[in-house]
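Take the two lone chains, each set in its own frame, and fit them into one complex as the hints suggest.
Residue numbers (the numbering used here), protein chains in the order written: chain A, 1 to 61; chain B, 1 to 203.
Think of the hints as simulated: they come from the structure by calculation, not from any bench.
As the structure is a prediction and not an experimental result, all values here were calculated from the model.
Note that CB positions come from ideal geometry on N, CA and C, so glycine has one too.
Among these hints, one or two may not hold up.
To be verified - Derived contacts from chain B toward chain A, CB cut-off under 7 angstroms, selection only:
id : residue
1  : V46
2  : R49
3  : L73
4  : T76
5  : D78
6  : W79
7  : G80
8  : V156
9  : S177
10 : A181
11 : I183
12 : G188
13 : P192
14 : L200
Stated by the list, open to error - One side of the interface only, derived from the structure: several residues of chain A facing chain B at Cβ under 10 angstroms:
id : residue
15 : L16
16 : L26
17 : A29
Claimed, not checked - With a straight-line cut-off of 20 angstroms between C-alpha atoms, the simulated SDA-like cross-links for lysine to any residue are:
id : chain 1 : residue 1 : chain 2 : residue 2
18 : B       : K179      : A       : L25
19 : B       : K169      : A       : T55
20 : A       : K13       : A       : A29
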Amino acid sequence: MAARLKIKTLLLKIILFLIFAGSMLLFLASIWPQPESSRIIPFPAIHMEEFQPRTDLLSND
Amino acid sequence: MIRKPYFPILFFLSVLLIWLIIIASPLKTVSAISIKALPEMALSQVEVRIPAEMRLGETETLTLTLYLSDEFLTNTIDWGQLKIGEENSVYLSFETRLDMVASGIKIDPPGEMSANMSPGHQQTFTFHVTASEQGVFAGTLWVKMLLVPASDTDEVYEKTIFAVPVEIKVHSILGLSQKQARIASFVGLIFPIMLSFYILKRK
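Chain B with its partners taken away, still in its complex shape (with noise of 0.2 angstroms):
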């Protein structure tokens, strides 16, 4: 009787299978259009990435990019009765934070980052966040505008320019947190496998 190797046929196109939705799966899904497809540098602007959902236990980064034109200090501002020139310049820096009041997200830096910038210049923050509880979580991403000026460094001028709110969904994998989820399928996929190698030993 000649036996059917059924079973290594079957574990095979499995893995093949997996491996092939990997390789296919799509990259993260972005629903707005890339800075880059924008005319150069036309505007000053800001572009916020948020994961929208997220997996317990997983971490995942909140960019936050800041492109400021090469007329930024001449059309984005208004300066009124101060005249910026050789003389009379100022520096530029950027503060940003993310608020979250919730204790299941965890914000890694806690705090505020903050870079000097020059127009024409792009600057990323990113943030990382961890999930620890599942549901809906809130909060703010803060942006501050600050102005040094160079005649006199102690002298710091500050305005909040954005405020984006930044909503963020923590869902379990049926009620496992991401780490668990994996650990559980790694020992489902490797329990047939060993089992059946065993039966098919034993025929």
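Excised from the complex, chain A in its bound form (with noise of 0.2 angstroms):
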């Protein structure tokens, strides 16, 4: 009886310690930073007759 009742104890704690580590890992997955690309780029040769002339100010397109 004493004998069930450690290894039921036992398998509590196991089971406690996988449900920790579980979510500990969750955890570190939800705040883990992700990769980010950055990019320079120069700037290129620009030509004044290759503006067009705006026909709205106001247009966001």
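The structure is reproduced here in structure tokens:
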């Protein structure tokens, strides 16, 4: 009887630890920094003739 | 019989481990050299920082920084017939907009942002991107340059300078959003601690 209780307690401890460890991993997965890409692009040569007159100053298009 | 306090020690060590991992976790990984490593303002350029990957429900920032060298008006722009001088000067303005067709991505602000600039200065535009669906989302970051002649401010000339392709991969954490995962992990961390204390108290 005592042995069975001991096994049950041990099993419960293992289950609790697994829940704790899994939750810890889940928490880390939710806060771990995500990769970011960065690009540096030089300005191209800009020719004045390529500029177009803007038709509507308030337009968002 | 001496009761060995396994559980409090185990939990204490686990909490300590979490804390250490959080402290030791790397900052955002960026796959390019920083603008600060370049010779100072030698070249007019833009720096775009895009969150390549995001978690579901997360909000990240996409930044675009415009650097104009001191010689931007003379070196970068070919004025053609037009002569820019004291009597014939222009105001310089930049407009930027992030276009993502997919509905799973919310962009704030949704429209255009603009700023007046002068050579030798820099300007940063920030877009907040929130992912509400998982998948791969593609879009374009547009940068327009506007010229307003000082003599006639009613006339505005525009040209698209950059169209930077943007691709953001959104993934879930075991099917959960970031907020749901945090709540679940919090419950999962608290529950075994409470239960173990209860068990120890009963012994």
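Evaluation of the provided hints:
1. V46: Holds - the Cβ of V46 (chain B) comes within 7 angstroms of chain A, reaching about 5 angstroms at its closest.
2. R49: Nearest chain A Cβ about 5 angstroms off; hint holds.
3. L73: Constraint on L73 (chain B) not satisfied, violated at 10 angstroms.
4. T76: holds (5 angstroms)
5. D78: Holds. Min distance 5 angstroms.
6. W79: At about 5 angstroms, which falls below the 7 angstroms cut-off, the nearest Cβ of chain A leaves the hint on W79 (chain B) intact, so it holds.
7. G80: holds (5 angstroms)
8. V156: This hint holds: V156 (chain B) lies near chain A, its Cβ roughly 4 angstroms from the closest one there, short of 7 angstroms.
9. S177: Since chain A brings no Cβ nearer than about 9 angstroms to S177 (chain B), farther than 7 angstroms, the hint is violated.
10. A181: holds (4 angstroms)
11. I183: This interface hint is violated because 9 angstroms lies over the 7 angstroms limit.
12. G188: holds (3 angstroms)
13. P192: Where the cut-off is 7 angstroms and the nearest Cβ of chain A is about 4 angstroms from P192 (chain B), the hint holds.
14. L200: Not OK, violated: L200 (chain B) not within 7 angstroms of chain A, min 11 angstroms.
15. L16: holds (4 angstroms)
16. L26: holds (4 angstroms)
17. A29: holds (5 angstroms)
18. B:K179 with A:L25: OK: K179 (chain B) and L25 (chain A) at ~15 angstroms, within 20 angstroms.
19. B:K169 with A:T55: violated (37 angstroms)
20. A:K13 with A:A29: Judged against 20 angstroms, a Cα distance of about 24 angstroms means the pair is violated.
In the structure shown, a violation is registered for the earlier hints numbered 3, 9, 11, 14, 19 and 20, in ascending order.
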